[in-house]
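Student: From just these sequences and the hints, can you work out the full model?
Number of protein chains: 6
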Amino acid sequence: MAASSKTGLVVSAHPGDFVWRAGGAIALHAKKGYRLKIVCLSYGERGESQFAWKVAGVKMGDVKAQRKDEAQRAADLLGAEIEFFDAGDYPLRSTPAMLDRLIDINHELKPSFILTHALHDPYNVDHPEAARLAQEARIIAQAAGHKPDPTRAYSAPPVFLFEPHQPEQCDFKPNVIVNIDEVWEQKRKAFEILAAQKHLWEYYTRVALNRGMQGGRNTGKPMTYGEAYQRLFPMVLEEFS
Amino acid sequence: MAASSKTGLVVSAHPGDFVWRAGGAIALHAKKGYRLKIVCLSYGERGESQFAWKVAGVKMGDVKAQRKDEAQRAADLLGAEIEFFDAGDYPLRSTPAMLDRLIDINHELKPSFILTHALHDPYNVDHPEAARLAQEARIIAQAAGHKPDPTRAYSAPPVFLFEPHQPEQCDFKPNVIVNIDEVWEQKRKAFEILAAQKHLWEYYTRVALNRGMQGGRNTGKPMTYGEAYQRLFPMVLEEFS
Amino acid sequence: MAASSKTGLVVSAHPGDFVWRAGGAIALHAKKGYRLKIVCLSYGERGESQFAWKVAGVKMGDVKAQRKDEAQRAADLLGAEIEFFDAGDYPLRSTPAMLDRLIDINHELKPSFILTHALHDPYNVDHPEAARLAQEARIIAQAAGHKPDPTRAYSAPPVFLFEPHQPEQCDFKPNVIVNIDEVWEQKRKAFEILAAQKHLWEYYTRVALNRGMQGGRNTGKPMTYGEAYQRLFPMVLEEFS
Amino acid sequence: MAASSKTGLVVSAHPGDFVWRAGGAIALHAKKGYRLKIVCLSYGERGESQFAWKVAGVKMGDVKAQRKDEAQRAADLLGAEIEFFDAGDYPLRSTPAMLDRLIDINHELKPSFILTHALHDPYNVDHPEAARLAQEARIIAQAAGHKPDPTRAYSAPPVFLFEPHQPEQCDFKPNVIVNIDEVWEQKRKAFEILAAQKHLWEYYTRVALNRGMQGGRNTGKPMTYGEAYQRLFPMVLEEFS
Amino acid sequence: MAASSKTGLVVSAHPGDFVWRAGGAIALHAKKGYRLKIVCLSYGERGESQFAWKVAGVKMGDVKAQRKDEAQRAADLLGAEIEFFDAGDYPLRSTPAMLDRLIDINHELKPSFILTHALHDPYNVDHPEAARLAQEARIIAQAAGHKPDPTRAYSAPPVFLFEPHQPEQCDFKPNVIVNIDEVWEQKRKAFEILAAQKHLWEYYTRVALNRGMQGGRNTGKPMTYGEAYQRLFPMVLEEFS
Amino acid sequence: MAASSKTGLVVSAHPGDFVWRAGGAIALHAKKGYRLKIVCLSYGERGESQFAWKVAGVKMGDVKAQRKDEAQRAADLLGAEIEFFDAGDYPLRSTPAMLDRLIDINHELKPSFILTHALHDPYNVDHPEAARLAQEARIIAQAAGHKPDPTRAYSAPPVFLFEPHQPEQCDFKPNVIVNIDEVWEQKRKAFEILAAQKHLWEYYTRVALNRGMQGGRNTGKPMTYGEAYQRLFPMVLEEFS
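Residue numbers (the numbering used here), protein chains in the order written: chain U, 28 to 268; chain D, 28 to 268; chain H, 28 to 268; chain V, 28 to 268; chain F, 28 to 268; chain S, 28 to 268.
FYI, nobody ran anything at the bench for these hints, they're computed from the structure.
These numbers come from a predicted model, not from an experiment.
Note that the Cβ used here is the ideal one computed from N, Cα and C, for glycine as well.
Treat the hints with care, as some may be off.
From chain F, some residues computed to sit far from chain S (all C-beta separations above 12 Å) [stated by the list, open to error]: (1) 33; (2) 84; (3) 112; (4) 115; (5) 165; (6) 216.
Only some residues are given here: those of chain S computed to face chain V with a beta carbon under 10 Å [said to hold, decoys possible]: (7) 124; (8) 171; (9) 172.
Tutor: Here it is as structure tokens:
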């Protein structure tokens, strides 16, 4: 299969998440010719939009529109499609219709990989809910009796979990570091679209630099910027590397 | 209490589960005179019936009927009663009425043990849901204020978790191996009722042989076929063994 | 901030819990001038009222009233306010309205700490549900877009988990022991209000004595009665102690 | 095999350990006719003999003799043999000769069970060392090439770990509670031989009472005094109980 | 670097280990042109040679010679070099000279990967000691000040842990499955060289078949025989797969 | 006790460790009037001195002297005493004499806290050995029979573990963040003494900034630079904070 026909699926609770946590991997795979699709479950309208809410008389619809615009621009910049589920945030509540749609997306996209949140996060209830939904959709997508179609071919892809804000508190143990040197400028530009979270631009730049140095240490080949993931499920190899 | 008045309860997400994972223990206790009851939460109609769905024009009702028939025959062969909850699979969704019925079953049966699924399974969301429901029913069954009846005696029994398909990925750590040598032929015959999952017959035969060898190694007394469980809750002993 | 303007929030599944598990800390902080508020999610009417249900013809309303009265008297004795959510027990089911009310309480109280249940309890499904609800309310209370109010100041406080009945089975690892010597008599008197659970008075007196001895061993300063907690989230220090 | 020909082996770092942690199980099995042998690795002369060292001019030999006498009397009272290895304490350092002797004891005794310390203890380095030595001896005792003797039959017995002083800090999770009601008086009398550790008599009486209540809760059959253990290695069952 | 100049290092406690646990990966990489080197720390002369010791009057030297011959033939068959350290078994005791030699081997070989034992094994003390030694040598090999040589280039390779005999008891969680279909016949022939452990031939054939089926399930691409490993240390990727 | 009479003990495997991992806490407590003592177990002469070894003909003695000088200057700058044990590095091997000296230091210093390495580090065998030695000395220092002296008062202080280089790989979970804003400049200047490890200056500056932001998030009070620790052993509180 040519890279150009490969695809990847990203399931993100809020717009910030796919930028801070997976912006590098998204841009990198887009550059390699993958079709990337982000499912952005909410606009982060209540919990990640402090500045918007400081404006007197601001309405929920305005805040959502503003965050949606940012998210769309960030996805464009990274080279990915984006679909919004408008599930709300703080708390994010998924519905059967959202699950159904996410299963359909799995069937349509046949992704080579799924990126989503870490399984635990004591600071945030939306992140584990996004991960739970992504896992459930991936599992049901394998069931022959779900919208039966004998011509359908779907093989559940590997899942890689995003690095959360405070990894140790979330029992996150990275086992994959993606070298994002060649797309770093794009990732950084995507940060700058998220004007409301300016305090995090430098934070996540430092995370990228430190994961880059760790990546170099773990391979002996220098790299500058990294993005850490935790791979679920065993991988099959034909050669150790 | 004579063995003949003892009972055991098995809470299984799909028909295959009680066969692959607990068929030996069910047959063994039935042979000892226990009344065994299987609560089969779904027919596995969507997720474990690939072959059925390959038939053009097959209907959900047909698939369920086919799997129900198989499950009934397997239960008969193993010497157990079976009650179906028809909760659906992929995903299995339990309802308050199901919980209520399972509490009643606990009260009626007063089981000496409960067998159910492992608490985690990243490959399957129905298995942990079955375990959750079984645990919840067992706990509520102890509440004096649930359908109050001062004459009721119910003591929450020990719970033993089934071995999942990929034990290490499910954080399953067996601490009990049941010697099923004397009922192995029955368990194997029950496998053969599950025509749609023929690829698993040899797989679970190998699991039984390897657990048997481990059982022998852990006791010094040879055995051939074993079934592994993880016991929850401490046991009380009057003599080490 | 003078201690007299400080507050603490306790989220308890059943009346017994705040007495056995946090009675010392409540009385101690009340004595220091804190305003203490207990949110008691249920009356423990079904699962911790065995004796009440032995009376022929007793009604649910009677049992609830009896337990409410006990809980109110225990809170009074310990120096705390109490608010009942009447969420039911065995099982405790929280609703969106309860979550909303608990968020409001967080905003009104601005607690310096939250005390609630351990995250896991294989013997009881109400305890983890109470902890989950308390955590969710604390997290949402931080969202600027939840009932937006630019004048609101709310900083999510540290959370300390109660010692469960069988700590090791609940993966409870205490990292804080509160010295409750100066309020022990109050805590013990609160035990005695819980007439229906007399078998636990001595049990929890022994727990307090043994935690007290452990506290002394961990500091080198003798103490007699202790209450153990597990602190979630890192603490910030300016001096080790 | 008649109970009277069965044996049990206890590997204890210091004299106090076999009394506080296993005195009930020792007395219980002795009463059932088991031959019980305690290997007491040190006299606890440096770390458990604070009172002895307060006497001006006391010599190491005196302290050892005093503790040895206590340990011997406690073993007699509980119905067990005792062998001292004099490995020192704080720190306990085992030698190849001690390992060799402990292997021989395994061969001679052919124990039905081994009791020893928990695997971790951040408060004490002698306890894990005792457990390590006991495990190593048990493993080597199985090697056909160790002092080869084709007539030797030795099957490695199950291992049960003692409850440490602060169980949660030692990652100790009890899965076995031994009902020691019928030998409680003996265990308590053995406490009273350990005059130097009088502060622990009541502590471990409370531990026994609370483990007893937990044992009752886990089985539904009341008991008063319990001793908790963590069983290593799976057990083989022919019937759930 | 052409595959033909790549190398791999295997550190095995006993001869059986590299055959049962890594025979497939060794043969597979040998076939790809890797130079493979096995460091076999002992001959398994005491603990894995039960049959040899049943012969009256057999000497340690004879047993060692017999096992050495088997190990050499198995290595030849798999396409690997083998070096024996004669460290003894049950217990395996490494010396500073062995550590030094293993560091030199790291420097000479510059392996692309190291295969060794799981970190824990409550059934066997030699296995974790082999893993400890392999890890220590790999770490020290990176120190510029160990036998300083400014021209030396050594980059610590990834480490993959063997599947132990009872994986769950050893806290082994496989995250890599190697597809060994094309070398299975070689691996099976190597089993048959180990005449003394004939009872394990079928056991490890079943392990290979079940890991093969799991490998297929985790990728969607069928395979028949697998070998499971646990990779330590994060991997660096430029594309998810 | 006035702060000026308080003391703290730091047990560091190599010179870099006390600078990168604890430089802030050392300077902060020194500024508060504590007497701080660093026990530096090795000079890091083999494993952390790559640049020194690039000089043709350099001798071990020269490298040690160079690193000792750096370490002394860094300690001076931070306001601490330093004592070198010259235990070697890669591997660090402690001796009975070193243990004895460290016990004496515990007795002399009577520290209010001990800082040392994380308990696990798969990248480094010297770090866990330093932590093991520090723990053992602290434990033995409590034994009345070790160099008996009835006038001695020693109470084992709390232990705080350093943040390792790759925290998640070392199972390090920080529960304490020290605000080091007021001594940051000193810590940074100490970095610059370690000329050979210039690549780490920015790395550990980023660690300090990110731990600072996490500290702010966990308390609601902004801070800029933090140092993370994992506290072992429960703390005793009289008021939650």
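Student: Does each hint hold? Answer for all of them.
Tutor: Outcome of the hint check:
Under the 12 Å C-beta cut-off, the non-interface status given to residue 33(F) relative to chain S holds; the minimum distance is some 23 Å. Every C-beta of chain S lies more than 12 Å from that of residue 84(F), the closest at about 42 Å, which supports listing it as non-interface. With a closest Cβ-Cβ approach of about 18 Å to chain S, residue 112(F) is found to remain outside the 12 Å limit, as its non-interface label requires. The Cβ of residue 115(F) sits about 21 Å from the closest Cβ of chain S, beyond the 12 Å cut-off, so the non-interface label holds.
The beta carbon of residue 165(F) sits about 10 Å from the closest Cβ of chain S, which is not more than 12 Å, so the claim that it is off the interface is violated. No beta-carbon of chain S is positioned within 12 Å of the beta-carbon of residue 216(F); the least distance is around 35 Å. Interface hint at residue 124(S): violated, since its Cβ lies 14 Å from the closest Cβ of chain V, which is beyond the 10 Å cut-off. Interface hint at residue 171(S): satisfied, since its Cβ lies 4 Å from the closest Cβ of chain V, which is below the 10 Å cut-off.
Taking 10 Å as the C-beta cut-off, the interface hint given for residue 172(S) holds, the closest approach to chain V being about 3 Å.
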